Amino acid sequence: RGKAGSIVDCDTSGWAISSSSQHPKEAWRLIKFLANKKSAERFTQSGLIVPARIDVANSEVFLNKNIPPKNSKVFVDIIPDSMPTPVTGNYQEITDTLNTALEPLWNGKKTAKEVVDKDLILQLNQKLKK
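In terms of our numbering, the sequence shown has 101 at position 101, counting the first letter as 1, and numbering is strictly consecutive.
Worth flagging that the hints you see were computed from the coordinates, not collected in a lab.
Be aware that one or more of the hints could be misleading.
In silico DSSO-like links for lysine-lysine, alpha-carbon gap of 27 Å or less [to be verified]:
1. LYS37 <-> LYS25
2. LYS109 <-> LYS129
3. LYS118 <-> LYS129
4. LYS73 <-> LYS110
5. LYS25 <-> LYS3
6. LYS110 <-> LYS127
7. LYS3 <-> LYS37
8. LYS38 <-> LYS3
9. LYS110 <-> LYS70
Okay, the calculated beta carbon distance ranges per label pair [what the hints assert, rightly or not]:
10. VAL76 <-> GLU103: 26 to 34 Å
11. LYS129 <-> PRO84: 37 to 45 Å
12. LYS129 <-> ASN66: 30 to 38 Å
13. THR85 <-> ILE31: 16 to 24 Å
14. HIS23 <-> PRO104: 46 to 54 Å
15. GLU114 <-> LYS73: 18 to 26 Å
16. THR12 <-> ILE67: 20 to 28 Å
If you're wondering where the values come from, they're calculated on a predicted model, not measured in any experiment.
By construction, the Cβ of each residue, glycine as well, lies at the ideal position given by its N, Cα and C atoms.
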């Protein structure tokens, strides 16, 4: 952690019911089922998610070191330092621009200084102003 502390992006997923749903009661029953502890444990056992339910995140279902990943606790430990990833109306456009620009860095073909130039900063700032 630096002097200013630490912040980690935290992305989430969830379920919603459309306001125009023709079956809102059934949709609500489905959401309650998907969000219950037993369902959260099953999703967690797939190894594809970090559980949103704290009781499951702190349980042996998620923290079992005999099941990959062996360091699952790190995801629980960062929660106090996390904040939602900011999203704008043109989030995907900004993300695409940034990912394209950073690809040579991730591939080891350019340095960070070469990649993050004035042109990239200008492009991103223009997109953020939209």
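Pairwise hint evaluation, LYS70 against LYS110, where the allowed Cα distance is 27 Å at most: violated, 33 Å
Can the restraint linking LYS118 and LYS129 be considered satisfied, given a maximum Cα separation of 27 Å? Holds - the C-alpha atoms of LYS129 and LYS118 are around 16 Å apart, at most 27 Å.
C-beta pair THR12, ILE67: status relative to the range 20 to 28 Å that was hinted: With a Cβ separation near 22 Å, THR12 and ILE67 satisfy 20 to 28 Å, so the hint holds.
Does the structure keep LYS109 and LYS129 at a Cα separation of 27 Å or less? The hint is violated at about 30 Å.
Could you grab the alpha-carbon distance between LYS73 and LYS110 and see if it respects the 27 Å cut-off? The given pair, whose Cα atoms are some 34 Å apart, is violated under the 27 Å limit.
For the range 16 to 24 Å, tell me whether the beta carbons of THR85 and ILE31 fit it or not. holds, 23 Å
Holds or violated: LYS38 and LYS3, Cα atoms, limit 27 Å. violated, 41 Å
So the hint says 18 to 26 Å: do the beta-carbon atoms of GLU114 and LYS73 match that? violated, 37 Å
Check the hint pairing LYS110 with LYS127 against an upper bound of 27 Å on the C-alpha distance. At roughly 24 Å apart (the allowed maximum being 27 Å), LYS127 and LYS110 satisfy the hint.
Verify the CB-CB distance for VAL76 and GLU103 against the hinted window 26 to 34 Å. For VAL76 and GLU103 the Cβ distance comes to about 31 Å; the hint holds.
Run the distance test for LYS25 versus LYS3: straight-line Cα separation, threshold 27 Å. violated, 50 Å
Beta-carbon spacing of LYS129 to PRO84 - inside the hinted bounds 37 to 45 Å or not: violated, 21 Å
The structure fails hints 2, 4, 5, 7, 8, 9, 11, 12, 15 (numbered hints given earlier, in ascending order).
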